[in-house]
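Asker: Protein chains in written order, with this note's numbering: chain E, 1 to 110; chain Z, 111 to 224.
Note that these hints are calculated values from the structure, not bench results. Don't take every hint at face value.
[To be verified] Taking lysine-lysine and the DSBU-like style, the derived pairs with C-alpha atoms no more than 30 Å apart in a straight line are:
hint, chain 1, residue 1, chain 2, residue 2
1, Z, K154, Z, K167
2, Z, K124, Z, K167
3, Z, K124, Z, K154
4, Z, K154, Z, K119
5, Z, K119, E, K97
6, E, K70, Z, K154
7, E, K97, Z, K167
8, E, K57, E, K70
9, Z, K154, E, K57
10, Z, K167, E, K70
11, E, K70, E, K56
12, E, K70, E, K97
13, Z, K154, E, K56
14, E, K70, E, K59
15, Z, K167, Z, K119
16, E, K97, E, K56
17, Z, K154, E, K97
18, E, K57, E, K97
Quantities reported herein were computed from a predicted structural model and do not represent experimental measurements.
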Amino acid sequence: TQLLEQSPQFLSIQEGENLTVYCNSSSVFSSLQWYRQEPGEGPVLLVTVVTGGEVKKLKRLTFQFGDARKDSSLHITAAQPGDTGLYLCAGSSGAQKLVFGQGTRLTINP
Amino acid sequence: NAGVTQTPKFRILKIGQSMTLQCTQDMNHNYMYWYRQDPGMGLKLIYYSVGAGITDKGEVPNGYNVSRSTTEDFPLRLELAAPSQTSVYFCASTIPEVPDTEAFFGQGTRLTVV
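Okay, chain E solo, but in the shape it has when bound (with noise of 0.2 Å):
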């Protein structure tokens, strides 16, 4: 069974300051993706990254893949209070099932 473990679960910290969000797994991925889930809402993709040791960057988020592809790890500079939300990475290998992390709640506070 692969498993994604996600750390923290929870984040609570204040407007501007940097927050990074960490996914590991002892299995190997072909591609890990994250997502954020608003309330309410399914998840919506914010980036996938497929190449060991690969960054990629999306406005304030940076998101990179270990060199193993066994984890990756989202960090945000300068966090605003619209980053609130829910945060999952998932995983899959090759044709296979696409499976999730429990989450991080991330919370900023104006």
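Following the hints, position chain Z against chain E.
Answerer: Here is chain Z on its own, set in the frame of chain E:
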């Protein structure tokens, strides 16, 4: 484009009742998934399908059944509803063979079993 459509959006069931959660997608995606999400938590995979006529169990399949007679539809069946099945259910579809493809989600079905 409709994308992934789930019905109903809300439902209250009594213990022991049965129901079918409907999911349909118009993107011709081969892969479809059913997840449940408990309050404040991530998504747990119930069942998935890699194409019409093919289904497989996910992490938490007990108490559920699925079928995939067409590419478009992937209904989830609850036969004997239990309070532990109170959750929000999401259906999703994707083409994992395509690099960087995303999973598209429906709006969810909020189910309460009392």
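Asker: Are the hints correct? Go through all of them and say.
Answerer: Okay, the hints, checked on the actual structure:
Distance restraint check for K154 of chain Z and K167 of chain Z: the Cα-Cα separation of roughly 11 Å lies within the 30 Å cut-off, and the hinted pair is therefore satisfied. A hinted pair counts as satisfied when its Cα atoms are at most 30 Å apart, and K124 of chain Z with K167 of chain Z qualifies at roughly 25 Å. At most 30 Å may separate the alpha-carbon atoms for a hinted pair to count; K124 of chain Z and K154 of chain Z meet this at roughly 23 Å. For the hint linking K154 of chain Z to K119 of chain Z, the alpha-carbon distance of about 19 Å falls within 30 Å, and the restraint holds.
Restraint check for K119 of chain Z and K97 of chain E: satisfied, since their Cα atoms lie roughly 25 Å apart, inside the 30 Å limit. With a C-alpha separation of about 19 Å, the suggested pairing of K70 of chain E with K154 of chain Z holds against the 30 Å cut-off. Simply put, K97 of chain E and K167 of chain Z have alpha-carbon atoms about 10 Å apart, close enough for the 30 Å limit, and the pair holds. Under the criterion of a C-alpha separation no larger than 30 Å, the hint pairing K57 of chain E with K70 of chain E is consistent with the structure, at around 19 Å.
Annotation: proposed proximity of K154 of chain Z to K57 of chain E holds, straight-line Cα distance about 28 Å (limit 30 Å). Proximity of K167 of chain Z to K70 of chain E is assessed by CA-CA distance (about 23 Å); at most 30 Å being required, the pair is judged to hold. Proposed proximity of K70 of chain E and K56 of chain E is supported: the alpha carbons are some 17 Å apart, at most 30 Å. Restraint check: the Cα-Cα separation between K70 of chain E and K97 of chain E comes to about 16 Å, which is no more than 30 Å; the hinted pair holds.
A threshold of 30 Å between alpha carbons decides the hint, and for K154 of chain Z with K56 of chain E the separation of about 26 Å falls inside it, so the pair holds. Between the alpha carbons of K70 of chain E and K59 of chain E the distance comes to roughly 25 Å, so the proposed pair stays at or under 30 Å and holds. For the given pair, K167 of chain Z sits about 24 Å from K119 of chain Z by alpha-carbon distance, which is consistent with the 30 Å threshold. A threshold of 30 Å between alpha carbons decides the hint, and for K97 of chain E with K56 of chain E the separation of about 24 Å falls inside it, so the pair holds.
With a C-alpha separation of about 11 Å, the suggested pairing of K154 of chain Z with K97 of chain E holds against the 30 Å cut-off. Under the criterion of a C-alpha separation no larger than 30 Å, the hint pairing K57 of chain E with K97 of chain E is consistent with the structure, at around 26 Å.
Hint compliance for this structure: every hint is met.
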